[in-house]
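Chains as they are written, first to last, in our numbering: chain D, -17 to 435; chain V, 426 to 1038.
Treat the hints as calculated values from the structure; they're not laboratory data. Built from N, CA and C at the ideal position, the CB exists for glycine as well. Check each hint, because a few of them may be wrong.
To be verified - DEER-style ranges, computed between Cβ atoms:
1. D:203 / V:842: 53 to 59 Å
2. D:135 / V:570: 30 to 36 Å
3. D:150 / V:463: 31 to 37 Å
4. V:519 / D:135: 54 to 60 Å
5. V:852 / D:150: 48 to 54 Å
6. D:245 / V:928: 48 to 54 Å
7. D:150 / V:570: 28 to 34 Å
8. V:575 / D:249: 34 to 40 Å
So you can see what is in the structure, the chains are spelled out below.
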Amino acid sequence: MAGVAGGNDFQWCFSQVKGAIDEDVAEADIISTVEFNYSGELLATGDKGGRVVIFQHEQESKNRPHLRGEYNVYSTFQSHEPEFDYLKSLEIEEKINKIRWLPQQNAAHFLLSTNDKTIKLWKISERDKRAEGYNLKDEDGRLRDPFRITSLRVPVLMPMDLMVEASPRRIFANAHTYHINSISVNSDHETYLSADDLRINLWHLEITDRSFNIVDIKPANMEELTEVITAAECHPHQCNVFVYSSSKGTIRLCDMRAAALCDRHSKFFEEPEDPSSRSFFSEIISSISDVKFSHSGRYMMTRDYLSVKVWDLNMENRPVETYQVHEYLRSKLCSLYENDCIFDKFECCWNEWHSQVLYLFAIMTGSYNNFFRMFDRNTRRDITLEASRESSKPRATLKPRKVSTGGKRKKDEISVDSLDFNKKILHTAWHPKDNVIAVAATNNLYIFQDKIN
Amino acid sequence: AAEEGGPCQSKMAGADGDDSLYPIAVLIDELRNEDVQLRLNSIKKLSTIALALGVERTRTELLPFLTDTIYDEDEVLLALAEQLGNFTMLVGGPEYVHCLLPPLESLATVEETVVRDKAVESLRKISQEHSPVDLEVHFEPLVKRLASGDWFTSRTSACGLFSVCYPRVSSTVKAEIRQHFRTLCSDDTPMVRRAAASKLGEFAKVLELDYVKSDIISLFTALASDEQDSVRLLAVEACVSIATLLPQEDLETLVMPTLRQAAEDKSWRVRYMVADKFSELQKAVGPEITKNDLVPAFQNLLKDCEAEVRAAAANKVKEFCENLPEDNREQIIMTHILPCVKELVSDTNQHVKSALASVIMGLSTILGKDNTIEHLLPLFLAQLKDECPEVRLNIISNLDCVNEVIGIRQLSQSLLPAIVELAEDAKWRVRLAIIEYMPLLAGQLGVEFFDEKLNTLCMAWLIDHVYAIREAATCNLMKLVEKFGAEWAQNTIVPKVLGMANDPNYLHRMTTLFCINVIVHCCGYPYREITTKQMLPVVLKMSNDQVANVRFNVAKSLQKIGPVLDSNALQTEVKPVLEKLASDTDMDVKYFAQEAISGECLSSSTIVDKLNT
């Protein structure tokens, strides 16, 4: 079977890059989340400046038949503004932590975006008609004499250039004391959950003034605090199941059918620690930065600092697969601790793509030096690719990268010491139906697609 | 619209520069104003616009424009959806009512549930105005379009329309409608399945009994075992309507298996729904099934592992017992229900206990005096001592049921400590709640008991440190005086209230004034002696208070007392004081004194006359 990662018959090529080329990057322009919608037709990014940019997949163009259509800007709007909490004397950043699309319900598109405290529901809709004709003004806007109106005019709708509007529909505020790290839309299509460091709340999409606290791990005495919630997600099909991961490297699965409060989990996923590799950094690097259910809901994937693990929901005592993302950093943990990189929160994403001849299970996650990794679950092969301006020619095939781990560096290999830790790929997204991926590298969004031979 | 009819008709008369067109022209233009309030205002006067345009132009110009105006704010769309439900005459009567379908169809697909629901409501309304032919030619195709729409918003809207057209169409179309409903019940999106589940009962009502048995039951069974509990819980509601439609002998085979399954569902939300709808279910399935099935089911719900479910079931205890078949009601309650109730009294969850406390007293009327004394009284007493104030309050607020059966004296020994404790609770909202029950308690316990045990509490509240409590205590005094009469007020209340006039705390001195205001109000003219002899001198004296807030409240009180005073007192005592206050250094005091002086004149013509002479 052909592999998505490394097989000769399957390669990735450059499609597009978005964002400025300048060397000095404005903080506000750094991309903080990337998310395709359910059909893959739209791709949303959020940035540290509180903006949401939505790209739309253009239909194949006749001039360039080799390209399967590009993503172009569809709508840009300011989702969150910086705020100040006067009661607690805290600044609330506008940075978009997460974006989640809602299943499409009518011609408009809806998404949830959140910063540390407030979740907003946005509607993105199109308008291509405009009403014309007033009674009290004529075409060029001059007022008519009100006493000389002899007949009534009803406005007529005329076609106009397509206009895309983003309007805030709901604001879900004041429910989180700590920083929101996750939002996840439930498969019942009417609720979603939001998680912060210590609590998870369940909201109804139409109700903004109350939410139900379903998980609360805050100890009575904060000095007894030993772990925090790092991510949470709803099961893709079972509306009563959700999982949340913790800074201790464990995942809890809760069943909302069992009780109104989900303080007690129904499953607890934890891999026993290998005592031989125990070190000062063990706990920090085992902290889970992202958890994602597979599309089928049978598996889930977790990302910790050095690896990605795939868990079968029916097996709690160890993951079914473990993939090393950048094992060569294990010897560098000390300096990564000093420059705070060890606390970077890498995300991960699934692909379950199939055509008539291919059936692919793949995983993608980010690393440093603008590298990102893919793992093919069928062949167990993996590949390291780089998002860089240098290979950003249309249709340019991405060359696999290698980091030298041994003493002697081979040709084409990069030594661990020359990796740039400021260039990190934290957020990636895989098109739900097609082999198109979006990779956020600081302020640039790269889009790659498979090369069909 | 009738009052706006004038200018519109005159428009028809004069076509050259008629100023009566102007207001309509403004309304039409404001349909597109930037200010949402103006747009809303125009939409609400849509009938005026339509009247002015006449039926022809309304159909050919206004409605097409409105059909495409679904970009607006929700409140505008909501108003539009509502207006269109009453538009039949404005488009030319029932013959043309189908012209209203396109705008309502587009409103039925918007994402906002309230707007969609209103559009469906209007569609249901105008469906009745369609002739049978129009219904098949225009309305039914619309229902089909919505039912097979791409987006689930349109499919959810369709669910609410089947039942209104089904009874009035031919049997072929009926078969199609049933098919569409079936399809929606197994839709991919839970939103649509939920909409179908919630309309299942309503649709069943208009179906022929045979189809209820063949079609509806299978849909009901399927929805009740849906993979999503958010769908399953809606099937419980449908269960009530379906059970009422079926003959008793079919219930056992067609409905009960599903109901039993729902009562034991793995999801607490479904069990909660069963508990919440228990009285309706009980009525729908009748006494026999209740005895055999629902009693054990109810016992289980009362013992459920989820507190939300127990609380919902506890809320239904009284109603369930009341509706049990009379012949062996007492026996069922005593042997099956009461043991569970006893356990709930010491439940670990306070919401459960407080839900039970709000209905438990109702059992005494059902069980009678002896059982109440022997079995219920210990429970009441235990709940009166519960650690949670809400439980105690709920017991106290329902004392009247027990009073009828065994008299309140049985309880008074435990009642008093419970009341005193609530009266002194650290949470002011708890204190506020108990104050509100004081008049009721006073009525039931009688004046002697009250004077002896509760009067002190009522007076203590007057000097509570929370204003809301002092205010409620004042209001409580008024209700007590209404209950026990002016004479009682004179002897027990007035001396204590007047005593507070010399309190060092100005807030308490103000409370004196507030109390005087209400006592004057209750005692009124027949007992003006109390006012003139006892209260007026105190009020007048307080006009020299050093705190301005007290002084302007004196002015306000004098205005209230005025109507019951005779002209002599007004002239010689009140008027000089008010005049003095009117030249006070404090602005507010001045203002209220002047108000009182002019108000005095307005309050009663006889007094005005006397003041003027």
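Against the structure, the hints come out as follows:
Between residue 203 of chain D and residue 842 of chain V, the C-beta spacing of about 35 Å breaks the proposed range 53 to 59 Å. Here the CB-CB span from residue 135 of chain D to residue 570 of chain V is close to 31 Å, well matched to the stated 30 to 36 Å. Under the hint 31 to 37 Å, the C-beta atoms of residue 150 of chain D and residue 463 of chain V, about 22 Å apart, miss the expected range. As the Cβ distance of residue 519 of chain V to residue 135 of chain D is approximately 29 Å, the hint placing it in 54 to 60 Å is violated.
About 38 Å separates the C-beta atoms of residue 852 of chain V and residue 150 of chain D, a value inconsistent with the hinted range of 48 to 54 Å. Range check, residue 245 of chain D to residue 928 of chain V: about 51 Å between beta-carbon atoms, so the 48 to 54 Å window is met. For residue 150 of chain D and residue 570 of chain V, the hinted distance range of 28 to 34 Å is satisfied, since their beta carbons lie about 31 Å from each other. In this structure the hint that residue 575 of chain V and residue 249 of chain D lie 34 to 40 Å apart at CB holds, the actual value being about 37 Å.
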